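K.L.:
Protein sequence lines correspond, in order, to chains R and X. Counting from 1, one number per residue, gives the positions in the first sequence under this note's numbering. Counting from 226, one number per residue, gives the positions in the second sequence under this note's numbering.
Don't take each hint at face value.
[Said to hold, decoys possible] Derived contacts from chain R toward chain X, CB cut-off under 8 Å, selection only:
(1) V11
(2) L12
(3) I13
(4) V17
(5) F21
(6) H168
(7) L206
(8) A211
(9) A212
(10) V215
(11) D217
[Stated by the list, open to error] Covered by chain R, per the in silico footprint, the following chain X stretches (three or more residues, Cβ under 8 Å):
(12) 231 to 244
(13) 249 to 258
Just so you know, the hints here were simulated from the structure itself, not pulled from any lab data. It should be emphasised that the depicted structure is a prediction, and the values quoted were computed from it without experimental measurement. For each residue, glycine too, the CB sits at the ideal point set by N, CA and C.
Each chain, letter by letter, is given below.
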Amino acid sequence: MMDLIRAGAIVLITAVVVLAFTMPPPLASMQSGKEASRIFFFHVPMAQMSFVAFIVAAVYGISYLRTRRVSHDHRAATSAELGLTFSIVASITGALWARQAWGAYWNWDPRQLFLFVMILIYGAFFALRQATGDVEVRRRLSAVYLIMAGAISPFLYFVLPRLYTSLHGDANQVVLSAGSSNMSGAVGAVFASSIIGFALLYVWLLNLGTAAARVGDTVGAATDE
Amino acid sequence: MNDTMSAMVAVLVTWTGVVWYLLRVDRRINRRKDSE
């Protein structure tokens, strides 16, 4: 099964890279940032996957507190790592788009700002995770932190950005209209493939990271003895 | 080659590097798991 997921992620994302640059740009009618709008095929799925990863981390945090299974702590921490990585790359790709379409890398746009807040929250998580030497305390603290961070993430991703005027208005329209007349069939299909590709990549990396953490624990335990 | 094609080549090269690294790590971890 994991072989299929791995192959699916590699094939789909490679195909999306080629198609994203060879087909007409999603915002072909825009004056500025027309060509740069191709970055949406990567930026939006990564922002979406970062949210999914943070929620999965919180779910595994709850599961760890209930069952005390070490593998759930590994999965929670790995998912938070992946969420942080995806949100950093989404921020960078967003900034590249912003420079072309809005004139500056940073515009104090609500979505830019709240994604940056998420990066700070999860950056602090890894500082906290390294702060204690007691493995049991570290796992419990991590689980509680990830549950709290996961609980506020829907507000930072979906609620707060909608309370303020956002430069993302035009982008939201494109994303939300996937499959409708605003997004042609081919663009919508590539966009959907990208979302599936990044979801498969996330599942592959979650498994890989969890296995690496397990091996790391085994090596650590052997060194301590 | 125009800017769009150059960007595609740059992204493809980066993605190939990422995949190569991840597959290497995947193989190593699986070998380690099998030997345990």
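K.L.:
If you check each hint against the structure, which ones fail?
P.N.:
Numbers 1, 2, 6, 7, 11 - these are the hints that the structure violates, sorted from lowest upward.
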